[in-house]
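What follows is each chain in one-letter form.
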Amino acid sequence: MARTGGGAVAVRPDAGVAAGWRRWRPGVAAVAARLLPVAVALLAWEAVARSGMVNPRLFPPLGAIAAHLWALLHDPQLGRHLGASFTRIVAGFGLAVAVGVPLGMVLSSVPPVSRAVEPLLALTYPVPRLALYPILVFLLGIGHLSKVTLVALECLYPIVISTADGLRHVDRLYLWSAQNMGAGRWRLFWRVQVPAAAPQVFAGFRIALPVAFIITVLTEMVSATEGLGWLILYASASLVQARTFAAVALVALIGFLMDRALAALRHRLIVWERETVLVAMR
Amino acid sequence: MTREALALVVAVLALWQGLALAHLLPPYLTSPAVVLGELLRLTRSGELLLHSAVSLYRSAAGFALGAGLGVGLGLLAGVWRRLGDAVEPLVALTYPVPKVAFLPILLVWFGISDTSKILLIALSTVFPCYIAAFYGVRAVDPLWVWAAQNMGAGRGRVFLRVLLPGAAVHIFSGLRVALALAFILMVASELIGSSNRLGLGFLILSADAGGRFDLMFAAILVIAVLGFAADRLLLAVRRRLLAGSVLLEEAHRG
Amino acid sequence: MPAPALVEVAGLSKVFSRGDRRVEALLDLSLAVRAGEFVTVVGPSGCGKSTFLHLLGGFIPPSGGVMRVNGQEVRGPGPDRGVMFQELALFPWRTVLGNVVWGLEAQGRPRAERLAIAERYLDLVGLLPFKDAYPAELSGGMKQRVALARTLAFDPAVLLMDEPFGALDAQTRELMQEELQRIWLATGKTVLFVTHDVEEAVYLGDRVLVFSARPGRIKAEVAVPFPRPRSLEVKKSEAFHEVRNRVWDLLREEVLKLSAEGAGAPAAGARAPGERPRGRPTGPGGAP
Numbered sequence: 083m084a085r086t087g088g089g090a091v092a093v094r095p096d097a098g099v100a101a102g103w104r105r106w107r108p109g110v111a112a113v114a115a116r117l118l119p120v121a122v123a124l125l126a127w128e129a130v131a132r133s134g135m136v137n138p139r140l141f142p143p144l145g146a147i148a149a150h151l152w153a154l155l156h157d158p159q160l161g162r163h164l165g166a167s168f169t170r171i172v173a174g175f176g177l178a179v180a181v182g183v184p185l186g187m188v189l190s191s192v193p194p195v196s197r198a199v200e201p202l203l204a205l206t207y208p209v210p211r212l213a214l215y216p217i218l219v220f221l222l223g224i225g226h227l228s229k230v231t232l233v234a235l236e237c238l239y240p241i242v243i244s245t246a247d248g249l250r251h252v253d254r255l256y257l258w259s260a261q262n263m264g265a266g267r268w269r270l271f272w273r274v275q276v277p278a279a280a281p282q283v284f285a286g287f288r289i290a291l292p293v294a295f296i297i298t299v300l301t302e303m304v305s306a307t308e309g310l311g312w313l314i315l316y317a318s319a320s321l322v323q324a325r326t327f328a329a330v331a332l333v334a335l336i337g338f339l340m341d342r343a344l345a346a347l348r349h350r351l352i353v354w355e356r357e358t359v360l361v362a363m364r
Numbered sequence: 006m007t008r009e010a011l012a013l014v015v016a017v018l019a020l021w022q023g024l025a026l027a028h029l030l031p032p033y034l035t036s037p038a039v040v041l042g043e044l045l046r047l048t049r050s051g052e053l054l055l056h057s058a059v060s061l062y063r064s065a066a067g068f069a070l071g072a073g074l075g076v077g078l079g080l081l082a083g084v085w086r087r088l089g090d091a092v093e094p095l096v097a098l099t100y101p102v103p104k105v106a107f108l109p110i111l112l113v114w115f116g117i118s119d120t121s122k123i124l125l126i127a128l129s130t131v132f133p134c135y136i137a138a139f140y141g142v143r144a145v146d147p148l149w150v151w152a153a154q155n156m157g158a159g160r161g162r163v164f165l166r167v168l169l170p171g172a173a174v175h176i177f178s179g180l181r182v183a184l185a186l187a188f189i190l191m192v193a194s195e196l197i198g199s200s201n202r203l204g205l206g207f208l209i210l211s212a213d214a215g216g217r218f219d220l221m222f223a224a225i226l227v228i229a230v231l232g233f234a235a236d237r238l239l240l241a242v243r244r245r246l247l248a249g250s251v252l253l254e255e256a257h258r259g
Numbered sequence: 009m010p011a012p013a014l015v016e017v018a019g020l021s022k023v024f025s026r027g028d029r030r031v032e033a034l035l036d037l038s039l040a041v042r043a044g045e046f047v048t049v050v051g052p053s054g055c056g057k058s059t060f061l062h063l064l065g066g067f068i069p070p071s072g073g074v075m076r077v078n079g080q081e082v083r084g085p086g087p088d089r090g091v092m093f094q095e096l097a098l099f100p101w102r103t104v105l106g107n108v109v110w111g112l113e114a115q116g117r118p119r120a121e122r123l124a125i126a127e128r129y130l131d132l133v134g135l136l137p138f139k140d141a142y143p144a145e146l147s148g149g150m151k152q153r154v155a156l157a158r159t160l161a162f163d164p165a166v167l168l169m170d171e172p173f174g175a176l177d178a179q180t181r182e183l184m185q186e187e188l189q190r191i192w193l194a195t196g197k198t199v200l201f202v203t204h205d206v207e208e209a210v211y212l213g214d215r216v217l218v219f220s221a222r223p224g225r226i227k228a229e230v231a232v233p234f235p236r237p238r239s240l241e242v243k244k245s246e247a248f249h250e251v252r253n254r255v256w257d258l259l260r261e262e263v264l265k266l267s268a269e270g271a272g273a274p275a276a277g278a279r280a281p282g283e284r285p286r287g288r289p290t291g292p293g294g295a296p
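Chains as they are written, first to last, in the numbering used here: chain W, 83 to 364; chain D, 6 to 259; chain X, 9 to 296.
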């Protein structure tokens with residue numbers, strides 16, 4: 083498999099010594115190769131922390147962080163915070179799906195509505211809706227509702243856009259075949275456009291779910307009384323930097339696990355289209 | 006911007022204003038007229054310029070730093086397999102983390118200053134830029150590279166004249182995402198961390214504390230306009246630089 | 009006494025315009041196909057053969073002229089003309105059986121009847137054992153046969169086939185040609201079959217119509233006198249070669265005209281400005 087430019091070498095899969103090592107790849111070697119950079123990074127961290135160059139209070143060694151993380155994981159209150167955050171994520175995402183998918187359907191099939199609404203969607207896309215959060219808190223309180231609303235609002239965008247786009251860009255040959263077989267408007271929409279657009283709709287979900295997580299943590303850091311974001315602020319208020327790091331590490335871990343779970347889910351619902359990474363970016 | 010959309014906006018604003026005039030609105034939904042009045046006051050007093058400038062400075066600096074690092078690193082990683090492979094697990098681990106979680110840490114390290122905010126924004130924008138540049142380079146059709154090599158191009162020329170333009174469309178997609186993130190994190194950092202009593206996010210907070218909803222709406226409006234304008238600016242730059250590719254994309258879409 | 013024409017086309021023309029660019033895809037095209045006939049159409053690339061089928065299928069409106077099927081003027085798509093596209097357009101989210109049964113569902117037939125008909129046609133094309141497979145799991149030739157079964161199942165009066173075997177490898181294509189002939193003889197359908205493969209056109213057709221270069225019209229007609237059923241062996245005979253060469257010579261003139269037009273002519277396989285590339289979006293509503 084030849085590669086583009088740079089220092090990479092064009093290697094044929096069955097060539098010589100390199101191939102022998104490569105055949106090992108799946109399995110131990112691959113896992114090790116992936117963990118190595120992480121290990122290196124952690125070692126570098128430890129080295130800096132212990133070097134005396136930095137204030138250990140500001141730059142805690144891994145041991146201190148690990149200790150606080152351990153304590154955090156055993157904190158009986160953790161469940162409450164996790165529950166609060168997940169409730170918000172799920173509710174916000176669910177609300178966005180319940181509103182966004184039908185809205186996307188309407189946009190793709192009713193041109194006047196599309197002409198009225200879509201320019202506004204495009205217009206407000208680059209606007210930080212987070213700025214509305216203080217008003218939402220004023221209106222809906224510091225609890226779940228204000229956060230769920232903002233999460234839903236944020237998740238609406240990718241979901242509506244993907245749904246409308248997917249429905250609009252159904253291969254016209256599918257539509258023609260269906261019409262050829264005598265399908266009317268209703269059947270054409272529900273039995274052809276919707277199934278054909280399903281992969282793209284799910285792509286919108288894939289973008290929206292991490293957004294839900296990020297916005298939840300964010301709003302919990304701005305104003306909340308519980309939740310993962312609140313945990314981080316609380317930890318930082320204690321002025322013990324290691325504790326803050328532990329809280330951040332926890333949130334990072336959760337984010338990472340959620341991402342992996344989503345990837346695994348995608349693998350199982352085998353999408354018959356290839357997706358670029360950019361679709362997943364946010 | 007279609008007629009229908011414009012009509013919709015005008016209709017909503019008119020309704021809002023009408024309800025306000027009829028005293029049918031709760032006090033926190035200040036009418037568009039009042040908001041505009043507040044906006045004018047802010048402009049005349051120079052406050053608007055001051056806070057906007059500070060917020061924009063933070064966003065721009067953070068964006069420039071993050072985009073520069075991200076794109077640079079991404080291009081390198083895309084070209085050098087070993088670097089890309091080495092960095093990939095780190096990216097996969099840190100990418101799903103909400104970067105705002107790092108704000109308290111940055112505040113401790115760098116104090117309550119612009120630096121911590123700029124760094125947060127940079128931290129956030131690095132990721133989409135890195136990923137876009139990395140995959141952009143990798144996605145370049147190898148045939149283009151081979152054609153260039155066939156015509157005698159060396160590594161440098163291949164990089165500059167084939168890989169870079171080829172990846173440019175991807176890179177701009179990443180930049181667009183990063184720009185939106187920069188604004189979000191600017192607002193976030195100003196809402197969470199103290200901000201020297203400067204910045205549009207701070208303006209929202211102080212308005213919130215004082216029950217000044219007209220000020221709050223005015224600040225939100227300014228943020229919205231700035232975010233929108235920045236995005237348009239980026240699109241204009243993109244159109245300028247990528248004329249051919251943009252046409253290709255539009256032909257596909259149309 | 010020759011059978012009455014099932015398909016009549018008179019003075020058909022189609023112009024695509026985008027902005028100020030105007031392309032005449034078809035000009036004054038006329039033909040007639042009798043019931044039960046198998047008529048093949050050959051023409052150079054970009055001559056408008058596909059456009060012609062899309063017009064007959066009712067997916068795009070003509071700019072002029074008239075088309076009648078079974079005495080009825082063509083006004084839109086419908087199950088009286090079964091279309092088989094080159095890309096097949098099998099629904100990937102449905103099984104083989106699900107695809108074949110689709111047209112019957114649209115016609116509102118009762119479930120037991122739908123299944124019986126679908127399975128009969130799947131059996132006819134030899135794919136009944138695969139009825140629960142998904143299109144993605146099938147080979148190119150198998151997908152072709154599913155598409156054929158699907159088109160036959162809703163019992164159209166006419167079959168319009170747009171280079172259905174174009175995407176197949178040469179060996180599979182030969183076998184499919186024989187298959188198609190067998191199925192056609194078994195069902196007695198009227199077929200209008202577009203292809204760029206001259207041998208295929210002569211092997212399959214009762215008549216071969218030669219399309220001219222753009223703007224397209226029927227330039228000539230060559231009768232194919234071989235009796236049915238024709239085995240693949242007939243392709244080796246002298247008589248076959250003679251007919252084939254006649255068609256090829258007619259066709260070659262048109263192909264050469266294309267390249268002679270030079271810069272003004274679209275490249276082979278290029279599309280008129282109004283024709284969108286296959287599989288591209290059609291606009292806000294989604295439906296054409």
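Treat the hints with care, as some may be off.
As the list claims (entries may be wrong) - Facing chain W, from chain D, some residues (calculated, C-beta under 8 angstroms):
| hint | residue |
| --- | --- |
| 1 | I110 |
| 2 | L111 |
| 3 | M221 |
Just so you know, the hints here were simulated from the structure itself, not pulled from any lab data.
For each residue, glycine too, the CB sits at the ideal point set by N, CA and C.
Each hint, compared with the structure:
For I110/D, the suggested interface contact is upheld, since its CB lies about 6 angstroms from the closest CB of chain W, less than 8 angstroms. Taken as an interface hint, L111/D does not check out: its beta carbon lies about 10 angstroms from the nearest beta carbon of chain W, beyond 8 angstroms. For M221/D, the shortest C-beta to C-beta distance to chain W is roughly 6 angstroms, which falls under 8 angstroms, so the interface hint holds.
Hint 2 alone, counting from the list given before, is not met by this structure.
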